[in-house]
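**Q** Okay, here's what each chain looks like letter by letter:
2 protein chains.
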Amino acid sequence: MSKNHKTSNANLNRISASEFKKSEKFNTIIVLDGVRSLHNVGSVFRTADAFLIEAIYLCGLTGTPPNKEIEKTALGATNSVEWVYFKKTEDAIISLKNKGYKIYAVEQAEQKTWLNNVNYNNENIALVFGNEVYGVEQPIINMCNEVIEIPQLGTKHSLNISVSVGVVLWQLLGKKINVE
Amino acid sequence: MSKNHKTSNANLNRISASEFKKSEKFNTIIVLDGVRSLHNVGSVFRTADAFLIEAIYLCGLTGTPPNKEIEKTALGATNSVEWVYFKKTEDAIISLKNKGYKIYAVEQAEQKTWLNNVNYNNENIALVFGNEVYGVEQPIINMCNEVIEIPQLGTKHSLNISVSVGVVLWQLLGKKINVE
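Residue numbers (the working numbering), protein chains in the order written: chain A, 40 to 219; chain B, 40 to 219.
Chain A on its own, in the form it takes in the complex (with noise of 0.2 Å):
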């Protein structure tokens, strides 16, 4: 494999900002529920500018653009993704609700859905991730329609929130994704 060149970033053909804007997404909001790490808040915006989601709801104490902290990670992606601020997580829950979406926290619940055991078939969906520590809060898992679980074997209790996102978008749009 010694000829097996790197693809140069202007070969990689990316979309502009614009393109982006104008392009169909996956019906996918995902909603910040009070996710204190700026780094974290960053990532998410690079993870859903690739996978062309619809929107991210930054609510509570998450970290809105413009942030010198947020563009770290995100290197841009705030000027792609749509995303709108809700003061109160359960706002966000409600207007989602009434734009007829089905709403998941991503969660480690008595009831939960593993997340190997997901399948999406491009209906409305939302998903919600909660604060580092105290993840998605009771009360709005009591809003959601359903827990996915990541299934986790070690000796930690979670995932970092934005490497869950990563997977669990990737679980639900990886197979969507048309490859040659």
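Be careful, since some hints might not be right.
As the list makes no split between identical chains, a pair holds if one copy fits it or if it spans any two.
[As the list claims (entries may be wrong)] DSS-like mimics (lysine-lysine), calculated; alpha carbons at most 25 Å apart, straight line:
hint, residue 1, residue 2
1, Lys-60, Lys-138
2, Lys-215, Lys-138
3, Lys-136, Lys-42
4, Lys-64, Lys-141
No lab work stands behind these hints, which were simulated from the structure alone.
Keeping the supplied structure of chain A fixed, place chain B upon it in accordance with the hints.
**A** Just chain B, lined up with the frame of chain A:
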């Protein structure tokens, strides 16, 4: 769903670090080739813990435990997951080849297998992830058996490296994790 209680950390019944060491792992080794961000390194440890990965090889300028910045995101996973430091990434690859591992670079390259099309059958594999800006260096790619590329549809060139590790591990191992 008003009675769907979150699972307390105690009720998650996670294994201890010594139980982790004795557990049967996935035959998967993660190689970090010059990863600059200590937050990324810590986050990779946490993901490797969650998915019972055999070891992490930290190469070149990649930071190593014990390190306060790594711990901020590893949250103790440096105590469970095995790691080895190699000054030269080439030496890590040679060591893996000698042990019979199939080696995949996770990169963007002319010849690649799209992540959607990768299947894992419990063979010994190593996954090489590169520097935040430069990716996996071309001489290292030349030593690998194959390149895996994560399809990305948006404006940016790549995902955050700790997110990439999560997404690739989930694609390979998610289906292998038994859930009830």
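**Q** Work down the list of hints and note, for each, if the structure agrees.
**A** Outcome of the hint check:
no., hint, verdict
1, Lys-60 <-> Lys-138, "within (20 Å within a copy, 48 Å between copies)"
2, Lys-215 <-> Lys-138, "within (23 Å within a copy, 36 Å between copies)"
3, Lys-136 <-> Lys-42, "between (52 Å within a copy, 19 Å between copies)"
4, Lys-64 <-> Lys-141, "within (17 Å within a copy, 36 Å between copies)"
Comparing the model with each earlier hint shows no violations; every hint is respected.
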